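A.B. asks: Protein chains in written order, with numbering that gives the first Met the number 0: chain A, 0 to 404; chain B, 0 to 337.
Hints are supplied without guarantee of correctness; some may be wrong.
Below, in silico cross-link-like pairs of lysine to aspartate or glutamate (DMTMM-like), each with a Cα-Cα straight-line distance of 25 Å or less [claimed, not checked]:
#  : chain 1 : residue 1 : chain 2 : residue 2
1  : B       : Lys-271   : B       : Asp-72
2  : B       : Lys-221   : A       : Glu-79
3  : A       : Lys-343   : B       : Glu-179
4  : B       : Lys-131   : A       : Asp-159
5  : B       : Lys-131   : B       : Asp-211
6  : A       : Lys-157   : B       : Asp-185
7  : A       : Lys-343   : A       : Glu-305
8  : B       : Lys-221   : B       : Glu-234
9  : A       : Lys-157   : B       : Glu-179
10 : A       : Lys-157   : B       : Asp-211
11 : B       : Lys-263   : B       : Asp-233
12 : B       : Lys-176   : A       : Glu-372
13 : B       : Lys-29    : B       : Glu-282
14 : A       : Lys-343   : A       : Glu-132
15 : A       : Lys-157   : B       : Asp-132
16 : B       : Lys-263   : B       : Asp-306
17 : B       : Lys-176   : B       : Asp-211
18 : A       : Lys-157   : B       : Asp-178
19 : A       : Lys-157   : B       : Glu-140
20 : B       : Lys-271   : B       : Asp-260
21 : B       : Lys-176   : B       : Glu-94
22 : B       : Lys-205   : B       : Asp-306
23 : B       : Lys-296   : B       : Asp-312
24 : B       : Lys-31    : B       : Glu-282
25 : B       : Lys-131   : A       : Glu-79
26 : B       : Lys-29    : B       : Asp-233
27 : B       : Lys-296   : B       : Glu-277
28 : B       : Lys-271   : B       : Asp-261
29 : B       : Lys-205   : B       : Glu-179
30 : B       : Lys-205   : B       : Glu-277
31 : B       : Lys-205   : B       : Glu-217
32 : A       : Lys-343   : A       : Glu-290
33 : B       : Lys-263   : B       : Glu-251
34 : B       : Lys-31    : B       : Glu-94
35 : B       : Lys-176   : A       : Glu-79
Bear in mind the hints are in silico, worked out from the structure with no lab data behind them.
Everything numeric in this text was worked out from a predicted model, so none of it was measured.
In case you want the letters, here they are:
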Amino acid sequence: MSIQEQDSAGAPARASLLNDPKARGLFYQATLIIALVAFGWFIVSNTVENLERQNIASGFGFLQNTAGFGIIQALVDYTETSSYGQAILVGFFNTLLVAVIGIFLATIIGFVVGIARLSNNWVISRLAYCYVELIRNVPLLLQIFFWYFAVLRAVPGKRDKWSFLFDTFHLNIAGLRGPQPIFEEGSGIIGWALVLAIVLAFAVARWSRKRQEATGQQFPVFLTGLGLIIGLPLIAYLIAGMPMHFNYPEFVETGPMLRRGFTLGSGFNLIPEFLALTLALSIYTAAFIAEIVRAGIQAVSHGQSEAAHALGLRNGPTLRLVIIPQAMRVIIPPLTSQYLNLTKNSSLAVAIAFPDLVSVGGTVLNQTGQAIEIIGIWMFVYLTLSLLTSAFMNWYNQRMALVER
Amino acid sequence: MSNKILPLVLGTAMGVAASAANATTLEDVKAKGFVQCGVSQGLPGFSNPDAQGNWTGLDVDLCRGVAAAVFGDASAVKFTPLSAKERFTALQSGEIDILSRNTTWTMSRDTQLGLNFAGVNYYDGQGFMVRKDLGVTSALEMSGASVCTNTGTTTELNVADYFRANNMPYEIVAFEKADEVVAAYDAGRCDVYTTDASGLYAQRLKLTNPADHMVLPEIISKEPLGPVVRQGDDEWFNIAKWTLNAMINAEEMGVTSANVDDMKGSDNPSIKRLLGVEGAFGEAIGLGNDWAYNVIKGVGNYGESFDANVGPDTPLGIARGVNALWSNGGFLYAPPVR
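Looking at chain B on its own, in the form it has when it is part of the complex:
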């Protein structure tokens, strides 16, 4: 770990100095020809490399969307896998342009780290996974349990708060990498594995016998996950924010990667504005007017991305739930393009 974090920090000390004098993030990105995107070290459904090294997932799609908005090419992205501990330093130091790594939006992160959260692309909450043979049905029965989790996450704090608030003794075993948490939990070192509920479903697939484990019903925290950019570059912040909004708006309007070309001829003024047929919304954020068209053409709308990566038909099998559109009873609500 230390061999990874030290260059990063030296980067903060020296390299960032360079980026101070440099151009804006958008100009930097255009000059190098790709978006450098910080992702997880492998979380199925969110950011996970396949055997050929191609990254897929909900978080990955957002980065591809940003690349499509800037270059019209969803493949103009390079990925940097980061541990939970390294992620903010990597972004602060300019190592990456955008962090899309199932990162919880909290006040301290938003205000003290020199970062901005560009929105929420997955509403999550922390949950617990246990072996079925423990016979536990509620998190409140877990007094005296040993709990495996990742270091450097809000998870570590939430679990401490939860056990303390309920007067339950516990023992925390915190690993650097998610793979080691899974291995230790699988070996029986811990009774409980806790992380964001989406992560529990994803990591359960890596266990020897996924069917022997169950996720408890309690959700003990709010974990709005979203993309992060550096503070102080509003142009780039806008691009990240509106790429996500475009994907959500597109789903609401029924624009998909398949029908986006036909939709350009739509009579609906909202769709016309979104796809750049009317107005000059792209120019206002420093991009071409077909920015949203490129996003949808390149990665699809939010619903498509959700279904392809984490939805009911994938191994994760997560229902839309609170991540449905507001019009379908969920939380997803993007400001209009107008």
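Here chain A stands alone, though its shape is the one from the complex:
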């Protein structure tokens, strides 16, 4: 001990700094950060230098140039003379569309199958079991190809159709066609009526919950809400003098072969690429969601349903009012991951010609050669979408979480 003290007497501050766990920790962290920054700087500067050396232009200026290629489905204005930036925007909205509809459908199918899996009915639970095991064990890309190519070959060709729902909807290899509502002047009131109806429906739900808590009396919230949401816009539509008509799909059966079939631009058309992708993504993700739902329900102790039954609740209300709200706390976190997966998996669209962000971005990449910029845009968009989704789900999770007093 004494020898040590003597030794360190020359530089006491230094020796103590070396042995100070806090200083050491700071030193290691600083070293790590410097190394990371240096690594990042090395990559960036090297890339820039090499791009310059190879005479590859860089920067995002190319987004203003004319794209010059067509896109089959665009939710925003797009023609061949639009810019690359606009084309990428079209791709982004298409990705968003598939993600939103996919998540919606996957959730519904997933919950139904997950609950069916626990059914006392042997046939139903076996069917749900087979669905889950079959779907989640086949690669998604194969399923997309299955829905696209197998189903494409099963539906009628372009000069033919299957019609259903009183001849208003038609299916053939060019997609699903139906009447497209065209809004005329003065139709804005219908939209406002819809907004009002939704607000009113929420207000009614709130009021009825309060009333039930206070008096125990129930109120048909669902039917009232449905009535409001359908009824109010309908009344507005009639009052405004029916300012809307439908653009019906036009089917030509005579004349030159090429002109037969549905005329381009008549009615709305869901292209088969979109249908196949959305269907495949929903069905695939639903298999995982079903397992999550089953796990969530089984995590709720059996005593809860017994207690509910003892109170006289039937099976339906037991599930809806007692089991599911508790199960949701287990379900939501893994469910978020599945939503993120679905969004990211939508990039497989490129295999079946659906113009999503990756597909359109890839075309732009090839026409301009701006690989690093395009990959940057892709990563930024998917990261943003994923972070937004998980932020929303975290908020929802907090709302559903057990309120501890």
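Chain A is already provided as a structure; the job is to place chain B on it using the hints.
C.D. replies: For chain B alone, kept in the frame of chain A given last:
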């Protein structure tokens, strides 16, 4: 797709950095002992693997020719199948040494991507294929048609220009891989399949009933296809360029893989220079003087390669047409070896 392109781009970001410090492409190639050649994912006649995984085709022969020029061994090549979208990134990042993948020479590709086109080994043009029962005889009757094609190609742009210029509405269905375009067209998703005319003949062979389909007479674009190398390495650029020129010159002089040994004794000074009997042209491009001899011995002259892969006696049955030698009324004209 994304799982393929991401490493490529990370390659551009990091790996290319490495090649900056590294030696020239020729030294790299000599050091590893083979040429890494980017080809298509399967286009009969141009670059197509057989059941044993051996690649054949007009584009493949060019790569084999480069390998023969460098190593004297036409089999010292490894092939990387690339989609239309991946091809330039793969070349830029140094993943491949030469891209010989029915790639159209355009100004933007030549000037903005850091690439150089080493010549034209097939003069092509974009065409349309339709079902015969549609009763269409001209591309101008195709108003309202849905068109299947590949993403990331000049084809996509040409078809947009053509339909717009003629005021015809259309619908484009663009796939990543050629096989999926063929499958979708075969299933009836599209009325029209458009790509380079040579590609139409090649892909028609993959349809269920090739005889039910016809290629329309219109050619709507110029598609000079050729090998591509990285910009800034003139030595390697010269090797690619002169391998192609040697194959064309050999055909013009009547030198074939069969008679090349006899031709070494020829009195014709042009042939002597080409085969390295006279002069030191090989040294000037960093190779042995028998470079062209090796090319011709290994893969034959251009005409032989054409006849074996796409010519009238093959399933593709493409006539020489504009791809004949200039002396036979075609476009092929190689600068002389002197």
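A.B. asks: Take a quick look at whether Lys-205 (chain B) and Asp-306 (chain B) sit within 25 Å of each other, Cα to Cα.
C.D. replies: Holds, at roughly 20 Å.
A.B. asks: Take a quick look at whether Lys-131 (chain B) and Asp-159 (chain A) sit within 25 Å of each other, Cα to Cα.
C.D. replies: 18 Å, holds
A.B. asks: Please verify whether Lys-205 (chain B) and Glu-179 (chain B) have alpha carbons no more than 25 Å apart.
C.D. replies: 11 Å, holds
A.B. asks: Would the hint linking Lys-29 (chain B) and Asp-233 (chain B) be met if the CA-CA limit is 25 Å?
C.D. replies: With a Cα-Cα distance of about 16 Å, the restraint between Lys-29 (chain B) and Asp-233 (chain B) holds, given a limit of 25 Å.
A.B. asks: Holds or violated: Lys-221 (chain B) with Glu-234 (chain B), Cα cutoff 25 Å?
C.D. replies: It is violated: about 29 Å lies between the C-alpha atoms, which goes past 25 Å.
A.B. asks: Would you mind confirming whether the straight-line C-alpha gap from Lys-157 (chain A) to Glu-179 (chain B) stays at or under 25 Å?
C.D. replies: With Cα atoms ~19 Å apart, Lys-157 (chain A) and Glu-179 (chain B) stay inside 25 Å; holds.
A.B. asks: Hey, Lys-343 (chain A) versus Glu-305 (chain A), does the alpha-carbon distance stay inside 25 Å?
C.D. replies: 41 Å, violated
A.B. asks: Take the C-alpha atoms of Lys-221 (chain B) and Glu-79 (chain A), compute the straight-line distance between them, and say whether it is at most 25 Å.
C.D. replies: 20 Å, holds
A.B. asks: Sort out whether Glu-372 (chain A) lies within 25 Å of Lys-176 (chain B), counting only the CA atoms.
C.D. replies: 23 Å, holds
A.B. asks: Can you confirm whether the C-alpha distance between Lys-131 (chain B) and Asp-211 (chain B) stays at or below 25 Å?
C.D. replies: 6 Å, holds
A.B. asks: For Lys-263 (chain B) and Asp-233 (chain B), compute the direct alpha-carbon distance and say whether it is at most 25 Å.
C.D. replies: Status violated; Cα separation ~29 Å.
A.B. asks: Given the hinted pair Lys-31 (chain B) and Glu-282 (chain B), is their alpha-carbon gap at most 25 Å?
C.D. replies: Roughly 21 Å between the alpha carbons, so the hint for Lys-31 (chain B) and Glu-282 (chain B) holds.
Going through the hint list in order, the structure does not satisfy hints 7, 8, 11, 25 and 30.
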